[in-house]
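Chains as they are written, first to last, in our numbering: chain X, 73 to 388; chain Z, 275 to 519.
Treat the hints as calculated values from the structure; they're not laboratory data.
Backbone N, C-alpha and C fix where the C-beta goes; we use that ideal spot for every residue, glycine too.
Hints may contain errors.
[Claimed, not checked] Simulated crosslink set (SDA-like; lysine to any residue; CA at most 20 Å straight-line):
1) K476/Z - S518/Z
2) K476/Z - A179/X
3) K292/X - K476/Z
[As the list claims (entries may be wrong)] Computed far set for chain X versus chain Z, every beta-carbon distance over 12 Å:
4) L98
5) P107
6) F131
7) A143
8) L171
9) L295
10) M310
11) I325
12) V358
13) Y383
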Amino acid sequence: MHPAFSVIIFTVASGAGYGLLFVLALLVAFGALTPSFWTGFIGFGIAFALFTLGLLSSFLHLGRPERAWRAFSQWRSSWLSREGVLAVVTYLPAGLLALLFTFFDAARGVLVVLGLLSAICAVVTVIATGMIYRSLKPIRAWYNSYVVPAYLVLGLATGLLLANALALVFAPAVATTLQFASCLALLVAALTKFLYWRYIDTMPAFSTAESATGLGHLGKVRLFEAPHTQENYLNKEMGFRIARKHAAKLRLIALVGGWLAPAVLVLFSLLLPASPALVLATIAIVLGLTGTLVERWLFFAEAKHAVTLYYGGSSV
Amino acid sequence: MTSLPPLAQKQLGLVIDLDTCVGCHACAVNCKEWNTGGTSGPLTDLDPYGADAAGVWFNRIHSFEAGEGDASRTVHFPKSCLHCAEPACVTVCPTGASYKRAEDGIVLINPETCIGCKLCSWACPYGAREYDYDGGTMKKCTLCIDRIYNENLEEIDRVPACVSTCPASARHFGDLGDPESKVSKLVAERGGFDLMPEMGYKPTNKYLPPRQRQNSSGCTGASALPVVEQSADGLLGWLDRILSR
Numbered sequence: 073m074h075p076a077f078s079v080i081i082f083t084v085a086s087g088a089g090y091g092l093l094f095v096l097a098l099l100v101a102f103g104a105l106t107p108s109f110w111t112g113f114i115g116f117g118i119a120f121a122l123f124t125l126g127l128l129s130s131f132l133h134l135g136r137p138e139r140a141w142r143a144f145s146q147w148r149s150s151w152l153s154r155e156g157v158l159a160v161v162t163y164l165p166a167g168l169l170a171l172l173f174t175f176f177d178a179a180r181g182v183l184v185v186l187g188l189l190s191a192i193c194a195v196v197t198v199i200a201t202g203m204i205y206r207s208l209k210p211i212r213a214w215y216n217s218y219v220v221p222a223y224l225v226l227g228l229a230t231g232l233l234l235a236n237a238l239a240l241v242f243a244p245a246v247a248t249t250l251q252f253a254s255c256l257a258l259l260v261a262a263l264t265k266f267l268y269w270r271y272i273d274t275m276p277a278f279s280t281a282e283s284a285t286g287l288g289h290l291g292k293v294r295l296f297e298a299p300h301t302q303e304n305y306l307n308k309e310m311g312f313r314i315a316r317k318h319a320a321k322l323r324l325i326a327l328v329g330g331w332l333a334p335a336v337l338v339l340f341s342l343l344l345p346a347s348p349a350l351v352l353a354t355i356a357i358v359l360g361l362t363g364t365l366v367e368r369w370l371f372f373a374e375a376k377h378a379v380t381l382y383y384g385g386s387s388v
Numbered sequence: 275m276t277s278l279p280p281l282a283q284k285q286l287g288l289v290i291d292l293d294t295c296v297g298c299h300a301c302a303v304n305c306k307e308w309n310t311g312g313t314s315g316p317l318t319d320l321d322p323y324g325a326d327a328a329g330v331w332f333n334r335i336h337s338f339e340a341g342e343g344d345a346s347r348t349v350h351f352p353k354s355c356l357h358c359a360e361p362a363c364v365t366v367c368p369t370g371a372s373y374k375r376a377e378d379g380i381v382l383i384n385p386e387t388c389i390g391c392k393l394c395s396w397a398c399p400y401g402a403r404e405y406d407y408d409g410g411t412m413k414k415c416t417l418c419i420d421r422i423y424n425e426n427l428e429e430i431d432r433v434p435a436c437v438s439t440c441p442a443s444a445r446h447f448g449d450l451g452d453p454e455s456k457v458s459k460l461v462a463e464r465g466g467f468d469l470m471p472e473m474g475y476k477p478t479n480k481y482l483p484p485r486q487r488q489n490s491s492g493c494t495g496a497s498a499l500p501v502v503e504q505s506a507d508g509l510l511g512w513l514d515r516i517l518s519r
């Protein structure tokens, strides 16, 4: 599948944004964060900026972005529509929570309810994002049960890395907890993606050129002549194959550089005072987000679509 | 509404005969000609006279080889929307632009509400939907909805453009929901099949397999003409004698 820049940015940025929202909302709900202007303004500000950037970026992927509002109508059947609705719904509790926490001295009970609601909305929205891909049968690298957990844990891990750096500045009391939590989330993320890659490398063929043409009873089927001389939309969108040859290296870069290295950095920062720890936490954010961008690029570039069987592919 | 309607009795679709298709692309050309001015037109071409010509087509003719050596076959393989009974391209649509008609099962796109998110093309294993880079919306086969119900046309012409133009009569149009229809009987008689049945999309369009090859073709049982022995004389005889030396 063609790794569209807008969709990669959309899923990585919104994943990190909802991950950070989830962490902040839970910290507020459990009373671990004392309401303060700067904690709220910077913390919730970054979370809102990230998932809003993601949603805006997803509009760039549309052929007719001015009609995007129509996408809220088909939540009964479409995961893309559900994702849109949930993303908008999340703004309500999360926006109220951010406002009350940052600017007002809200009652504890209100913050608990809004915090839990925001955390649930963040999780459900990321699940919907993953389900957009997980529900597509013609793409076997997506149509499996590793996809949604990977979206969740990568969103959580990148969100925790952000929360971790914020805590070092604004809420040292929860810093240690967040450092341990980010390490754990990064390790689970690395494990999930490792298992995912092993799965897609060894999964049996679901469809073949024989089943796509129904000519299997005659023997092995191969393309004799393509229907057109130049690439069409289908070849460009579904037939992406340029960098699959770099897949093994890119996987290693994401795994080691993107998730294991920041986990080690964060673990190491436990031994340091706040300012050097913040430097390591910042490097960890950059590494974690870069690794996740690489992972998301691979998620598209490595996925083979069944339509390639009509263009010379032998199995998907 | 992108939730699927209850399955109607009537299921209009095509039956494509892989035995008689000669791969001439006439169906694709006539499809393009009719539909570029039809309800889902234009079928935009980009750089049509340049080095990288590309454009929207509803119908594409692939050619495959199957089998090895003497037993191998070349099979021309036209492919357009199969108007599936369970089309995921419809249910994934976030706007309701993609829909399946309750009355005859035809799958269509509303060009006024499509946002061009391309998700329907990801959901279709058959490559039936193409993106119009110029218009920013998705396009697909309409089963020539503006022909088959068009009372301004002679009744004989109320079939999809691809069917009307096929010089080999390899394309048949009819109601595959009616077991007594000509197309349903043809499918039953010739062992018509679904493409990628494992996807579970239940395509309406069916393909008829190539017939068994006749290796003794051409033998009518009549004896060969006898070779006539002739002794030539005159000028031709003289030439024959000279050249035979």
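Beyond 12 Å from every chain Z Cβ - status for L295/X = violated, 6 Å
Can the restraint linking K476/Z and S518/Z be considered satisfied, given a maximum Cα separation of 20 Å?
-> violated, 72 Å
Once the closest CB in chain Z is found, is it more than 12 Å from I325/X?
-> holds, 26 Å
Closest CB of chain Z to the CB of F131/X still more than 12 Å away | Answer for F131/X: violated, closest chain Z Cβ roughly 9 Å.
Hey, K476/Z versus A179/X, does the alpha-carbon distance stay inside 20 Å?
-> violated, 56 Å
Taking 12 Å as the cut and beta carbons as the points, is V358/X off the interface with chain Z?
-> holds, 31 Å
Whether M310/X stays farther than 12 Å from all C-beta atoms of chain Z, as the label says | Answer for M310/X: violated, closest chain Z Cβ roughly 7 Å.
Is the hinted pair K292/X and K476/Z satisfied, with a Cα-Cα distance of at most 20 Å?
-> violated, 24 Å
Far enough from chain Z: is every CB of that chain over 12 Å from the CB of Y383/X?
-> violated, 8 Å
For L98/X, which was marked as not at the interface, is the minimum beta-carbon distance to chain Z over 12 Å?
-> Consistent with the label, L98/X stays out of reach of chain Z, its closest Cβ about 30 Å off (over 12 Å).
When you look at the beta carbon of L171/X, is every beta carbon of chain Z farther off than 12 Å?
-> L171/X clear of chain Z: closest Cβ-Cβ about 30 Å, beyond 12 Å.
Given as non-interface: P107/X, which should sit over 12 Å from chain Z by C-beta = About 38 Å separates P107/X from the closest Cβ of chain Z, which puts it past 12 Å; holds.
Hints 1, 2, 3, 6, 7, 9, 10, 13, counting from the list given before, are not met by this structure.
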